[in-house]
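Each chain, letter by letter, is given below.
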Amino acid sequence: MSIVEIDVKYVANLARLELKPDEEARIGTQLGQVLEYMDQLKRLDVSQVEPTAHAAPRVNVMRLDEVGPSLPLSEVLRNAPAQANDLFLVPKIVE
Amino acid sequence: MNRLTLTDAAASLNDGKISSRELMESCLRQISRVEDRLHAFISYNADRALADATAADNDRANGADIRSKPFLGIPIAIKDVIAVKDHPLTCGSRILGNFISPYDATVIEKLRAAGAVIFGRLNMDEFAMGSSTENSAFGPTRNPWDLGRIAGGSSGGSAAAVTADECMAALGSDTGGSIRQPAALCGCVGLKPTYGRVSRYGLVAFASSLDQIGPLTKSVRDAARLLGVLSGVDPRDSTSVPEPQLDFELALDRDVKGVKIGLPKEYFIGGLDPEVNEAVHQAIRQMESLGVEFVEVSLPHTEYAIATYYIIATAEASANLARFDGVRYGRRVEGSDPYEMYCRTRGEGFGAEVKRRIILGTYVLSSGYYDAYYLRAQKVRTLIRQDFLKAFEKVDLLLTPTTPTPAFCLGEKMENPLEMYLYDIFTLSCNLAGICGLSLPCGFSSNPKLPIGLQLLGKPFGEELLLRVGHSYEQSTPWHREKPPGESQRSEEPDRILY
Chain A
1 MSIVEIDVKY VANLARLELK PDEEARIGTQ LGQVLEYMDQ LKRLDVSQVE
51 PTAHAAPRVN VMRLDEVGPS LPLSEVLRNA PAQANDLFLV PKIVE
Chain B
96 MNRLTLTDAA ASLNDGKISS RELMESCLRQ ISRVEDRLHA FISYNADRAL
146 ADATAADNDR ANGADIRSKP FLGIPIAIKD VIAVKDHPLT CGSRILGNFI
196 SPYDATVIEK LRAAGAVIFG RLNMDEFAMG SSTENSAFGP TRNPWDLGRI
246 AGGSSGGSAA AVTADECMAA LGSDTGGSIR QPAALCGCVG LKPTYGRVSR
296 YGLVAFASSL DQIGPLTKSV RDAARLLGVL SGVDPRDSTS VPEPQLDFEL
346 ALDRDVKGVK IGLPKEYFIG GLDPEVNEAV HQAIRQMESL GVEFVEVSLP
396 HTEYAIATYY IIATAEASAN LARFDGVRYG RRVEGSDPYE MYCRTRGEGF
446 GAEVKRRIIL GTYVLSSGYY DAYYLRAQKV RTLIRQDFLK AFEKVDLLLT
496 PTTPTPAFCL GEKMENPLEM YLYDIFTLSC NLAGICGLSL PCGFSSNPKL
546 PIGLQLLGKP FGEELLLRVG HSYEQSTPWH REKPPGESQR SEEPDRILY
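Respectively, the protein sequence lines represent chains A and B. Residue 1 is where the first sequence starts when you use my numbering, and the numbers rise one by one after that. Residue 96 is where the second sequence starts when you use my numbering, and the numbers rise one by one after that.
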């Protein structure tokens, strides 16, 4: 039986996850086995079946476009790793 | 007095026999006796808990309306995935660092309004991903019945704390069985409400179409009373459903004659521990003596539930966990640009199982694979839900074992993730279908003595009948009165923890 191979490096990049080489290898093997198990879903004929995205039958839940109270700025910044001028501080994005 | 049920404690408080402060002190004494061994809590603040309990006593003395505050002075502990203002919030992970929550989840607001003393942060698998609480970044919780065994997961801390009388009740969350399974393995009651019954606002999201908050308690009546307070539509959670607010305790004592319960044949197969099978069948006979009728039913797509769940749940998780990037909160690992910062922060902050699931979830959603995996899984989900709805045309409830075996040993399933995933077989489908589920004690294995849980599954928004049948069975059996061995109990086995 062939084990499904994932390009872990590529997927980790999509997920913005830095993995060490041994982590990459291990995850690759483990997920290969898991994905092989998932293949059994191919046995089913789902051509006439609608997908279920929601467990409960609610659609278009709206609210009135009214302003309400928001979290105070002090609370918003309370857990910030770095902040300045009431803003979150991050490494430079563009030169 | 910490050994009382929540209901009995509330009655004693109302009768003036005990004070809330005494009750909280009793819980804290028990915590100091057993916590070193159990590790049910990630953290708790004894001073604040006592102050809150005293405040509840003052509130009562000043004529608080106890009808509108059914939980006045009752200590309730919270799984560390639900936001409580000014309390830490870790989700069992290192990535949130020393995060202090700036707001209360809706369920916490409701419990506070009902007078509860909210205390403690209960241990859990990291971001609710796991079935044994071994994926906690802070070490596993041990089973109060055998310290060498798991307490279950991901709400392992909640189940252990309730069973060991460290609190009067606990909140947990259930995405694929995370309330019901630890309840079964530790020997307490665990309820997963119908999806949409309880607001998810303030619950750190794992899989948004599967998650629900629910109570873990010492009795079915306690669970019914808690559900009454927790439930209700919430404008801040657009997936919550406007069902009428019910008093779930009202119909609890009515008889169960003529209730039809289905036994799904796919759940009673090989691989089921013989003692679990025997205990569940004894429970069936017991319920028959109460007037329940049993019928064999079939849920033909059961074998596809694990694959379906792990595609949908990991896909949703990969999206929900994208927010942990070191920008606005939590630990940050510096980088020369934001991209590097994200990758390093997440690489260092997340544990192995979380990383595995994010990679899997990202993969099944990625271009070229979305149709083959995610879309297909969503369609199989429809088939699984239809299985249940069809069965509920013939029967009122379904009955199954909660887990295939009693609690396994710490470290036993950590080598192979797939083996761990297969353990969830009986609980997953309930979340996929969005229906309600209850686990309650139905006996013990013989050597070692470990709890066995039976699971009842109900129609969407059918918690009233679910709880009534559970209560009826519970009151006709001795299981709910059994307590784990005291402080002198030590596991026969040498420590085998691999963390």
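The set of hints was computed from the structure by calculation and includes no laboratory data. Computed from a predicted model, the values in this text were never measured in an experiment. One should not assume that every hint holds.
The calculated DSSO-like cross-link candidates involving lysine-lysine, where the alpha carbons are at most 30 Å apart (straight line), are [said to hold, decoys possible]: (1) K112(B) - K42(A); (2) K42(A) - K554(B); (3) K42(A) - K164(B); (4) K508(B) - K20(A); (5) K544(B) - K42(A); (6) K9(A) - K360(B).
Only part of the chain A face toward chain B is listed, based on derived beta-carbon distances under 10 Å [as the list claims (entries may be wrong)]: (7) L14; (8) R16; (9) L19; (10) K20; (11) V34; (12) R43; (13) M62; (14) R63; (15) V67; (16) L71; (17) N85; (18) D86; (19) K92.
Here are a few chain B residues that face chain A, going by a calculated C-beta distance under 10 Å [unchecked claim]: (20) T100; (21) T440; (22) N511.
Ideal placement from N, C-alpha and C gives every residue a C-beta, glycine not left out.
Consistency of the hints with the structure:
Taking the CA atoms of K112(B) and K42(A), the gap is near 63 Å; set against the 30 Å cutoff, the hint is violated. Among the hinted pairs, K42(A) with K554(B) is consistent with the structure: their alpha-carbon atoms are about 29 Å apart, no more than 30 Å. Between K42(A) and K164(B), the direct Cα distance comes to roughly 53 Å. Violation of the 30 Å bound is thereby established for this hinted pair. Proximity of K508(B) to K20(A) is assessed by CA-CA distance (about 23 Å); at most 30 Å being required, the pair is judged to hold.
Using a Cα cut-off of 30 Å, the hinted pair K544(B) and K42(A) is violated, with the two alpha carbons roughly 42 Å apart. Restraint check for K9(A) and K360(B): not satisfied, since their Cα atoms lie roughly 43 Å apart, outside the 30 Å limit. Interface hint status for L14(A): upheld, as the beta-carbon distance to the closest one in chain B is roughly 5 Å, under 10 Å. Contact between R16(A) and chain B, as hinted, is supported at the beta carbon level, the nearest pair being about 4 Å apart and thus within 10 Å.
With a least beta-carbon distance of about 6 Å to chain B, the hint placing L19(A) at the interface is held under the 10 Å criterion. Using the Cβ-Cβ criterion of 10 Å, the hint placing K20(A) at the interface with chain B is satisfied: the shortest such distance is roughly 8 Å. The beta carbon of V34(A) is positioned within 10 Å of a beta carbon in chain B (closest approach about 6 Å), and the interface hint is therefore held. Hint status for R43(A) relative to chain B: holds, with the closest Cβ pair at about 8 Å, below 10 Å.
At a threshold of 10 Å, the smallest CB-CB gap from M62(A) to chain B is about 9 Å, leaving the interface hint in force. Taking 10 Å as the C-beta cut-off, the interface hint given for R63(A) holds, the closest approach to chain B being about 6 Å. The interface hint given for V67(A) is broken, as the beta carbon of that residue sits about 14 Å from the closest beta carbon of chain B, more than 10 Å. With its C-beta approaching chain B no nearer than about 6 Å, L71(A) sits inside the 10 Å limit, and its interface hint holds.
With a cut of 10 Å, the hint placing N85(A) at the interface with chain B is violated, because the nearest CB-to-CB distance is about 15 Å. Because the closest C-beta pair between D86(A) and chain B is about 13 Å apart, greater than 10 Å, the hint is violated. Taking 10 Å as the C-beta contact cut-off toward chain B, the hint placing K92(A) at the interface holds, the least distance being around 7 Å. Because the smallest distance between the Cβ of T100(B) and any Cβ of chain A comes to about 31 Å, over 10 Å, the interface hint for this residue is violated.
Interface restraint check for T440(B): the shortest CB-CB distance to chain A comes to about 9 Å, inside 10 Å, so the restraint holds. Given the 10 Å rule on beta carbons, the hint for N511(B) holds: about 8 Å separates it from the nearest Cβ of chain A.
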